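Colleague: Here's the letter readout for the chains.
2 protein chains.
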Amino acid sequence: MRNYGDRGLRELTKRFDGVDVRDIVVSSEELNELADSIGQDVRNSIDLIYDYLTSLNKQTMPKDLIIKDCGFSSGILWRPIDRVGIYVPGGLKAYPSTLLMVAIPAKTAGVSRLYVATPPRKDGGVDPAVAYIACKLGVYKVYRVGGAQIIAAMSYGTESVDKVDKIVGPGNIYVQVAKFLLQGAVSIDGVAGPTELVVIADENANPDQVCVEMEAQAEHGLTSIIALISTSDTFLNLVENCLSGSQNTFFLIKVSSVDDAITLVNDLAPEHLSLHVRDPYKLVGMVRNVGAISLGRTPSAIIDYLGPNHVLPTNGSARFRGGLSVYDFVKTVMIADGVPSKELLRAVRILARYEGFTYHSRSVEIAYGVT
Amino acid sequence: MRNYGDRGLRELTKRFDGVDVRDIVVSSEELNELADSIGQDVRNSIDLIYDYLTSLNKQTMPKDLIIKDCGFSSGILWRPIDRVGIYVPGGLKAYPSTLLMVAIPAKTAGVSRLYVATPPRKDGGVDPAVAYIACKLGVYKVYRVGGAQIIAAMSYGTESVDKVDKIVGPGNIYVQVAKFLLQGAVSIDGVAGPTELVVIADENANPDQVCVEMEAQAEHGLTSIIALISTSDTFLNLVENCLSGSQNTFFLIKVSSVDDAITLVNDLAPEHLSLHVRDPYKLVGMVRNVGAISLGRTPSAIIDYLGPNHVLPTNGSARFRGGLSVYDFVKTVMIADGVPSKELLRAVRILARYEGFTYHSRSVEIAYGVT
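Listed in order, the protein sequences are those of chains G and A. Positions in the first sequence are counted from 1; adding 243 to them yields the working numbering. Positions in the second sequence are counted from 1; adding 243 to them yields the working numbering.
There could be a bad hint or two in this list.
Given that identical chains are not distinguished, each listed pair holds provided it fits within a single copy or across any two copies.
Claimed, not checked - Calculated lysine to any residue pairs in the SDA-like style (CA-CA distance at most 25 Å, straight line):
hint	residue 1	residue 2
1	LYS525	ASP307
2	LYS585	GLY539
3	LYS257	LYS379
4	LYS497	ARG589
5	LYS311	GLY436
6	LYS306	GLY367
7	LYS301	ASN275
8	LYS311	TYR293
9	LYS350	ILE281
10	LYS301	PRO323
11	LYS257	GLY427
12	LYS257	GLY368
13	LYS379	GLU254
14	LYS306	VAL264
What the hints contain is simulated information worked out from the structure, not anything from laboratory work. Bear in mind that the values here come from a model prediction, so they are computed numbers and not experimental data.
Input sequences plus hints: build the corresponding full structure.
Modeller: Okay, here's the thing in structure tokens:
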């Protein structure tokens, strides 16, 4: 991409998507036209979810913290990332909800330039609902190019594509591998694998609800990993019968206690956990490694559309990473100002000299006139 | 490392450090003995800085946030990472301050098992101050092995070395490259390059203070990148004369306005920024991309010992990443519970069907009994 620029983007899009792309950037006229073509129902639904998610994300924004202590100030400022590229999967299907989930925390965090990249449809356009949301967000540029090629382009820049600071969002395995390999040239949110759901259910759960919740996450594809853990053989059998028509593989696991189920979940660190048990909040405190928890009759599909976010850690990465939030679009700036206490200054000088950093110690002595 | 285990660790440590390591894990007896050997002054200094940093970090801890809205709860829980490996550079020199800077936010965040890896000294031991801090922290295991080999060992596990969820801390280029390459098997804080400092000074600044501050960061090695940006030729000349004895290369840059200096800083995104100007707080608001800011006469060496942290982004990564904080040791868990409003439920069903996710929509309909 560094060598071939826009020409490379066009050639690869022709080869992989079978689409001739003239203008890589979708013009604002075309974007508005596409946006105008969506139905009133879809538009209203997007507006409602947009407002809901914006309000939710605003409440999670961290505040600058400066701690003053006897003339010395020390703290953390939060600053937004300047330029963020959002990958929205597409082509045959469309995922406006993904654009909402990624862009709203980014916009709330104060990112100054949002870019959206999405594969072209066969007619060369982009999805109208995605176009509508991009207009609503004031996205700086929309690229009608998908795949590994646009990840490379946003990492290095081309004639039409601006280099960004961070690339975020789901996508197929080529997109994810490109993100993984280009870390270093660009920051990424993480590598997104197939959907994962673990349901823990006791004998009080509703088998039809559990069954359709599992089928819903199976809808993401045949590679989805979906498991039901239960203390009840009867319940496992009921759900097994209900699922028998599906093409997906489901894992049905019998455990002797709900505690064992939680231990298993913390080891697996699945993307979604759904708790269909009598007292789910008792379990929430024991859960450490999952992307998202839905409780009681709330199905995990609610998290897919109302969040807090549906871009969640997969493949065990919930051990060390959470779902997307405003925190993915801000960073800390440390700050120090003023005169530390005499005791602290002495401690700094002693430790600096212990480490052999004479000039560190001297710079403190000269700045504060201490000896 | 996956194939050679402890034997590989011993062989590589013999080859690169010239030390025969029998017990990879430093026993608690040896650790306590080493800890007891440090002077009272160093011990008191560590205790004081330890308490100061702990108090600072506690105040930055995020709180769980659950937003209740008409029977629907949605929010973010924060959970600590289970197992964290801390790399503390060493061998010839010792960096107890690095252990403080990495371990205190980790411990404050609630990490259950902290591991410390540090290269062995020629006598096979580890630095006494590092041992003292490790005891104080209740570190789970201390490894007397450094280099790329211990990064690989903590990523995959060996007979003596436990697999961890995240590896954090500075180190030489081999350690950093190992961290970079092992991402995926393990989470990392980022890749740490040579120290960087940009000083912005106007004609009111004290040239001796600026000079010794630049010399202090030069102490990290000949690869340190240190620049002075000033609107005053006279000031640049004064500092140039003062620095003339140093072996390091310093960049002295004349700009026509302080605004130009800030633009340059945001483009460079340096690790440290030191503001020696009349009204530094006026500039703080304009600074977006730096790891840490020290103001007025506060030298950047203060940040190295009193923080908030000295593990800071280098090589331009301040564009998208901040210095180490409790946020590096916690992760979000999204949570949803209850019944969203009728309007939101309708919006979810419409958007799910627009995206072709029939079962997502059905799971919502069955869970809430809506049609």
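Colleague: Hints first: check each against the structure and report whether it holds.
Modeller: Quick rundown of the hints versus the structure:
no., hint, verdict
1, LYS525 to ASP307, "between (34 Å within a copy, 16 Å between copies)"
2, LYS585 to GLY539, "between (56 Å within a copy, 18 Å between copies)"
3, LYS257 to LYS379, "neither (30 Å within a copy, 61 Å between copies)"
4, LYS497 to ARG589, "neither (61 Å within a copy, 36 Å between copies)"
5, LYS311 to GLY436, "neither (44 Å within a copy, 31 Å between copies)"
6, LYS306 to GLY367, "neither (43 Å within a copy, 46 Å between copies)"
7, LYS301 to ASN275, "neither (27 Å within a copy, 48 Å between copies)"
8, LYS311 to TYR293, "between (38 Å within a copy, 18 Å between copies)"
9, LYS350 to ILE281, "within (23 Å within a copy, 51 Å between copies)"
10, LYS301 to PRO323, "both (14 Å within a copy, 23 Å between copies)"
11, LYS257 to GLY427, "neither (28 Å within a copy, 32 Å between copies)"
12, LYS257 to GLY368, "within (14 Å within a copy, 61 Å between copies)"
13, LYS379 to GLU254, "neither (31 Å within a copy, 60 Å between copies)"
14, LYS306 to VAL264, "neither (43 Å within a copy, 47 Å between copies)"
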